[in-house]
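J.: Please build the complex by placing chain B on the supplied structure of chain A, with the hints as guidance.
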Amino acid sequence: MAHQAHAYHMVDPSPWPLTGAVAALLLTSGTAIWMHFNSLVLMTLGLVLLLLTMYQWWRDIIREGTFQGHHTPPVQKGLRYGMILFITSEVFFFLGFFWAFYHSSLAPTPELGGCWPPTGITTLDPFEVPLLNTAVLLASGVTVTWAHHSIMEGQRKQAIQSLTLTILLGFYFTFLQAMEYFEAPFTIADGVYGSTFFVATGFHGLHVIIGSTFLAVCLLRQVQFHFTSEHHFGFEAAAWYWHFVDVVWLFLYISIYWWGS
Amino acid sequence: MLLTKQLMALRQVARRSICSSAPRQVENKVPQKQKHFQEDNGMPVHLKGGSADALLYRMTMALTVLGAGYVVYELVKASFPQKKD
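Protein chains in written order, with full-length UniProt numbering: chain A, 1 to 261; chain B, 1 to 85.
Please keep in mind that the hints were generated in silico from the structure rather than gathered at the bench.
Careful: at least some of the hints might be erroneous.
Said to hold, decoys possible - In the DSS-like style, the derived pairs of lysine-lysine whose C-alpha atoms are separated by at most 25 Å in a straight line are:
hint : chain 1 : residue 1 : chain 2 : residue 2
1    : B       : 33        : B       : 48
2    : B       : 48        : B       : 35
3    : A       : 157       : B       : 33
4    : B       : 29        : A       : 157
5    : B       : 29        : B       : 48
Said to hold, decoys possible - Computed spacing ranges between beta-carbons, pair by pair:
hint : chain 1 : residue 1 : chain 2 : residue 2 : range
6    : A       : 72        : B       : 40        : 16 to 22 Å
7    : A       : 261       : B       : 43        : 54 to 60 Å
8    : A       : 39        : B       : 40        : 47 to 53 Å
9    : B       : 50        : A       : 182       : 43 to 49 Å
10   : A       : 261       : B       : 50        : 53 to 59 Å
11   : A       : 206       : B       : 83        : 37 to 43 Å
Keep in mind that this is a model prediction, so the values were computed, not measured.
Beta carbons are placed, not taken as given, at the ideal position from N, Cα and C, and that holds for glycine.
Extracted from the complex, chain B is given alone in its bound form:
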């Protein structure tokens, strides 16, 4: 008797957790984003998202500067004959 009740409960749970539509309900955040990015705060679009933008920008620029320096070094090194031991 208890086993039957448990089985019935299991069947109900199984039915509830099967989603009839994929994907699950995603909320429309576009109006929020529109308000945020249209704020007249003088920020350029590549930084207007917030602190994550600034972090990613700084990281990218650091790699750019480092990379530019490194490539000049490698190309100058490659331009001279290498001493072979």
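If we strip away everything but chain A, and leave its shape as in the complex, we get:
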């Protein structure tokens, strides 16, 4: 298949950017229609289309890299840049919510009682479940690094075990956080405290779920022999994303849970 005289990847024409764009249109319009006219059809259709697009697009990338050999060193360099730029954009996304939190909490208005936490808010004890959550995510950072070293050293069984453990820790975090949400003495409607708390931690929780899913896909691929000791960028990207999720939590814990209590 030596039809090209260069190391770059000229991709085959693909329908997934179009289906993804339509999915985004359906999701956004669908959310608006849901809020105004109480119909979930459009939004659900958008969600289904989004899931189909993601599955097929990423399936194709695995085919192009692992089965067709298109991910040469220069191509891999581009993928690395891409993942780093994407994670950077997510950092800015969270920066906004931290800005909102500090804006409201550094100069609390008279309506809140001129204090932070606002009058009437019972905060969560930062040294109970939130501290456990911190330990869980830090431990998962260790296990994902263990998985990486196992892959690099060709230790198949250890890689599978440590990657599985990482995913289980991710699930444990999500479960604990869900319990906290259920038991919390305040809601998202409880003024700016509730808003900043649940929007910031909520988006973080969503990213934990996304990260766990990414790692789970890597586990399936590791079991199916896709990764070699020299070439396993999909896993590295998942590990970078996971570390990012961990760091965001640390900032959340220190700012909102600890300083903000």
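T.: Structure of chain B alone, referenced to chain A:
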């Protein structure tokens, strides 16, 4: 005597069915897949897997076209004042 023999057999079976390594032996199908996806048949990567690819593609495209049409309809409908009875 028979019960002891049956118990011994049960113990042997139990030992055999406990796997010492998880997961069970998965066969490395990557070389097969590499050969399949590198076949010079002019198929684009999103259809190169076989008939299941084509089915999933057609389903996705159908939802895309239907969805695009439906969203235009809903947005046009939402742009006009709704008669309230």
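J.: List, from low to high, the hint numbers that the structure doesn't satisfy.
T.: The structure conflicts with no hint, since it agrees with every one listed earlier.
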